[in-house]
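Model the placement of chain B on the given structure of chain A, informed by the hints.
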Amino acid sequence: MPLNELIKKVKKYLKQTEENKDIKKNKILKVLEELYVKKAKLKKQKKKTSNKSDKKQLQNKLEAVNQLIKKSKKLI
Amino acid sequence: MVKNLAIALGFLITAYFISSSENLKIILSGIAIFLIGMYFMENGFKLFSGGALENILKRFTNNLFKAITTGFLATSIVQSSSLITVIVISFLSVELLTLAQGIGIVFGSNLGSTTTAWIVSSLGLKIKISAYAMPMLIFGVVLRFFKNNTYKGLGNVLLGLGFIFLGISYMKDGFDTLKDSIDLAQFALPGIKGIILYILIGAVATVVIQSSSATMAIIITALSAGNIIYINALALAIGANIGTTVTAIIGSFASNENGKRLAFAHLIFNVITALVAVIFIYSLRDFVDYLAPLFGIDAENYSMKLALFHTIFNLLGIIIVAPFINIIVNLAKRIIKKKVAKSSKPKYLLKSNIEIPNSSLLSLKKECINLYENCQRAMLHALNLHTTELKTKEDLQKQLTNEPRKSNTNIDEIYQTNLKLLYNEIIKYSSFAQEHMTSPQQKIAGNFKKSATRLIEVLKDTRDIQKNLDFYLKSKNEYIKKEYNNLREELGSLFIDINNLNNENLSELDKITQIEVIKNTLNKNDLSNSEVIDDLIRTQKIKASMATSLINDSATVYSIQKKLVEVAMILFIEDELLKEIGEENNAPK
Numbered sequence: 001m002p003l004n005e006l007i008k009k010v011k012k013y014l015k016q017t018e019e020n021k022d023i024k025k026n027k028i029l030k031v032l033e034e035l036y037v038k039k040a041k042l043k044k045q046k047k048k049t050s051n052k053s054d055k056k057q058l059q060n061k062l063e064a065v066n067q068l069i070k071k072s073k074k075l076i
Numbered sequence: 077m078v079k080n081l082a083i084a085l086g087f088l089i090t091a092y093f094i095s096s097s098e099n100l101k102i103i104l105s106g107i108a109i110f111l112i113g114m115y116f117m118e119n120g121f122k123l124f125s126g127g128a129l130e131n132i133l134k135r136f137t138n139n140l141f142k143a144i145t146t147g148f149l150a151t152s153i154v155q156s157s158s159l160i161t162v163i164v165i166s167f168l169s170v171e172l173l174t175l176a177q178g179i180g181i182v183f184g185s186n187l188g189s190t191t192t193a194w195i196v197s198s199l200g201l202k203i204k205i206s207a208y209a210m211p212m213l214i215f216g217v218v219l220r221f222f223k224n225n226t227y228k229g230l231g232n233v234l235l236g237l238g239f240i241f242l243g244i245s246y247m248k249d250g251f252d253t254l255k256d257s258i259d260l261a262q263f264a265l266p267g268i269k270g271i272i273l274y275i276l277i278g279a280v281a282t283v284v285i286q287s288s289s290a291t292m293a294i295i296i297t298a299l300s301a302g303n304i305i306y307i308n309a310l311a312l313a314i315g316a317n318i319g320t321t322v323t324a325i326i327g328s329f330a331s332n333e334n335g336k337r338l339a340f341a342h343l344i345f346n347v348i349t350a351l352v353a354v355i356f357i358y359s360l361r362d363f364v365d366y367l368a369p370l371f372g373i374d375a376e377n378y379s380m381k382l383a384l385f386h387t388i389f390n391l392l393g394i395i396i397v398a399p400f401i402n403i404i405v406n407l408a409k410r411i412i413k414k415k416v417a418k419s420s421k422p423k424y425l426l427k428s429n430i431e432i433p434n435s436s437l438l439s440l441k442k443e444c445i446n447l448y449e450n451c452q453r454a455m456l457h458a459l460n461l462h463t464t465e466l467k468t469k470e471d472l473q474k475q476l477t478n479e480p481r482k483s484n485t486n487i488d489e490i491y492q493t494n495l496k497l498l499y500n501e502i503i504k505y506s507s508f509a510q511e512h513m514t515s516p517q518q519k520i521a522g523n524f525k526k527s528a529t530r531l532i533e534v535l536k537d538t539r540d541i542q543k544n545l546d547f548y549l550k551s552k553n554e555y556i557k558k559e560y561n562n563l564r565e566e567l568g569s570l571f572i573d574i575n576n577l578n579n580e581n582l583s584e585l586d587k588i589t590q591i592e593v594i595k596n597t598l599n600k601n602d603l604s605n606s607e608v609i610d611d612l613i614r615t616q617k618i619k620a621s622m623a624t625s626l627i628n629d630s631a632t633v634y635s636i637q638k639k640l641v642e643v644a645m646i647l648f649i650e651d652e653l654l655k656e657i658g659e660e661n662n663a664p665k
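Chains as they are written, first to last, in the numbering used here: chain A, 1 to 76; chain B, 77 to 665.
Calculated from the structure, these hints are not laboratory results. Check before you lean on any hint, since a few could be wrong.
Straight-line Cα separation of at most 30 Å, DSBU-like style, residue types lysine-lysine; simulated pairs [stated by the list, open to error]:
no.: 1; chain 1: A; residue 1: K9; chain 2: B; residue 2: K600
no.: 2; chain 1: B; residue 1: K526; chain 2: A; residue 2: K70
no.: 3; chain 1: B; residue 1: K474; chain 2: A; residue 2: K30
no.: 4; chain 1: B; residue 1: K595; chain 2: A; residue 2: K73
no.: 5; chain 1: A; residue 1: K71; chain 2: B; residue 2: K526
no.: 6; chain 1: A; residue 1: K71; chain 2: B; residue 2: K655
no.: 7; chain 1: B; residue 1: K467; chain 2: A; residue 2: K21
no.: 8; chain 1: A; residue 1: K55; chain 2: B; residue 2: K442
no.: 9; chain 1: A; residue 1: K52; chain 2: B; residue 2: K427
no.: 10; chain 1: B; residue 1: K427; chain 2: B; residue 2: K519
no.: 11; chain 1: A; residue 1: K55; chain 2: B; residue 2: K655
no.: 12; chain 1: A; residue 1: K38; chain 2: B; residue 2: K558
no.: 13; chain 1: B; residue 1: K655; chain 2: A; residue 2: K21
no.: 14; chain 1: A; residue 1: K38; chain 2: B; residue 2: K469
no.: 15; chain 1: A; residue 1: K25; chain 2: B; residue 2: K595
no.: 16; chain 1: A; residue 1: K56; chain 2: B; residue 2: K526
no.: 17; chain 1: B; residue 1: K655; chain 2: A; residue 2: K24
no.: 18; chain 1: B; residue 1: K595; chain 2: B; residue 2: K558
no.: 19; chain 1: B; residue 1: K519; chain 2: A; residue 2: K25
no.: 20; chain 1: B; residue 1: K595; chain 2: A; residue 2: K48
no.: 21; chain 1: B; residue 1: K427; chain 2: A; residue 2: K55
no.: 22; chain 1: B; residue 1: K558; chain 2: A; residue 2: K39
no.: 23; chain 1: B; residue 1: K550; chain 2: A; residue 2: K43
no.: 24; chain 1: B; residue 1: K639; chain 2: A; residue 2: K55
no.: 25; chain 1: B; residue 1: K441; chain 2: A; residue 2: K21
no.: 26; chain 1: B; residue 1: K526; chain 2: A; residue 2: K43
no.: 27; chain 1: A; residue 1: K43; chain 2: B; residue 2: K467
no.: 28; chain 1: B; residue 1: K550; chain 2: B; residue 2: K519
no.: 29; chain 1: B; residue 1: K441; chain 2: A; residue 2: K25
no.: 30; chain 1: B; residue 1: K469; chain 2: A; residue 2: K39
no.: 31; chain 1: B; residue 1: K469; chain 2: A; residue 2: K74
no.: 32; chain 1: B; residue 1: K467; chain 2: A; residue 2: K52
no.: 33; chain 1: A; residue 1: K24; chain 2: B; residue 2: K467
no.: 34; chain 1: B; residue 1: K600; chain 2: A; residue 2: K73
no.: 35; chain 1: A; residue 1: K21; chain 2: A; residue 2: K48
no.: 36; chain 1: B; residue 1: K558; chain 2: A; residue 2: K71
Next comes chain A alone, as it looks inside the complex (with noise of 0.2 Å):
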């Protein structure tokens, strides 16, 4: 294969790794945003729930979504 061509191959393909590494990054955005929405949703779920194991239910779910997100961050 010829320099030119091999250059030429190279580029792009550190192109496609850069754009993949774009469209990952929205994506991560994009789940992180929805995880947001969760995390807010589920603060609301336990204020307003008086149940005790359904609070603590609710509890162990903020938990891991705070957790999916920390995981997320470390992502992108």
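Chain B in isolation, oriented as in the chain A frame:
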């Protein structure tokens, strides 16, 4: 109902005979003692050989002659063709032996079982063997007190031999005195009618007693006491050979197709041998008369001549049937087809879509979920939980409060008969399908394969904790019982949570959140387990042996749970990015 009535009737008839005739009581006691002896011998050799018998059967069977010789020698030593047949059936089911090798061993074993007749006719009748029985019984019982399996096995063998000798002695005494009160020889039937009748009697007696060796012992003792005539005794011996196939057939009902094929081959062999023996019965009798002096047997020693006849016609059977062993194998395979259990059949792996990546990925996913459901059913049964009544956590609590019964779930058997084929098919299908996939698709297919492997690992892990679980759930120590019940609860609860993920109405985000909740619960459970165990040991509520079992089993349960979460992530989360987020380590960078 009919079975119970037949048993009750059998007991009544036996009780009547025992009470009406002293001699019959002695003979029947002899048979009973003989059978107990066989039982002890068989058990003793199982313990005593410590796997040596299995090694011999595995190693020295690579050609037909070796297989027959090994079967002959092993049965001659162990004195139980049924023990050898049981080992052969177990080897066939795990494909350690081919069917042809197995049949070879059983043919040899048939010949080996004729040595019983030699022992009874040469030792049992000539010398007062009951005199040897007593020391054997005494030493046998003493050896059984040892903890070492070799000594225990030797004790059982001695006890078995002692009981066999004692049984023969009782039978001999019974027949001797019976002859003085009733002349059974008057019922002797000459000619072909007599032969057929006595073949039938021999066969029925063997089916009832479930041992051709015991029937032969009865025939020989009755013959030596003069209760039956020689030609009828020969017919009875042929009948015993046919009757013994029924025992093998009944035994094969519980086995897989290979066991049934073996029983079929055994039947073919014995029927052909019996036919030849019946057709040439007079020629064979003359041949035995000719050979007897060469073996140093007197012309009047009918019991030893019967033993010689028994060996010759079984040997003749081998010579006639063995060259056609491959035909018998093919016939057996054609008649008894491999039965595939419903759950082992793949439901979604279609050959037609193997080249269409998206479609084959869906097939793989569905089949893995099918495997998950089957594994789950087996695991819950092993944990003494019932799948059909386990939809919510309330159902689980209800089941946990019930007193657990001993679980009869044999996970190895379920794996071999129901799940191995399904697992194999998933691996095979995905390997072929991956050829037509892009790199990301190949990764997804690879993950499905991984989930199937994890499921099988989880199934085997469950088998490892099953024994302790059964044991400690019955324990009188409430603390250990509670801890093992907690392990059941953790696993049952996890299955309910994972099953809830298999819901199309649930969003992917909800599913991944639920998995995160499960992961957090697992981590908390694992930590609390170790603290609880420490506390129980410190306060001496459980013994050290209980603690080590609990620590090991808790670790296994934790590993099962982690693997199941991994499987849930692969099977129930479709979005690859969400999977990646879920798999990300939570520790700060």
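So which of those numbered hints doesn't the model satisfy? 1, 3, 7, 8, 9, 12, 16, 21, 22, 23, 26, 28, 31, 33, 35 and 36
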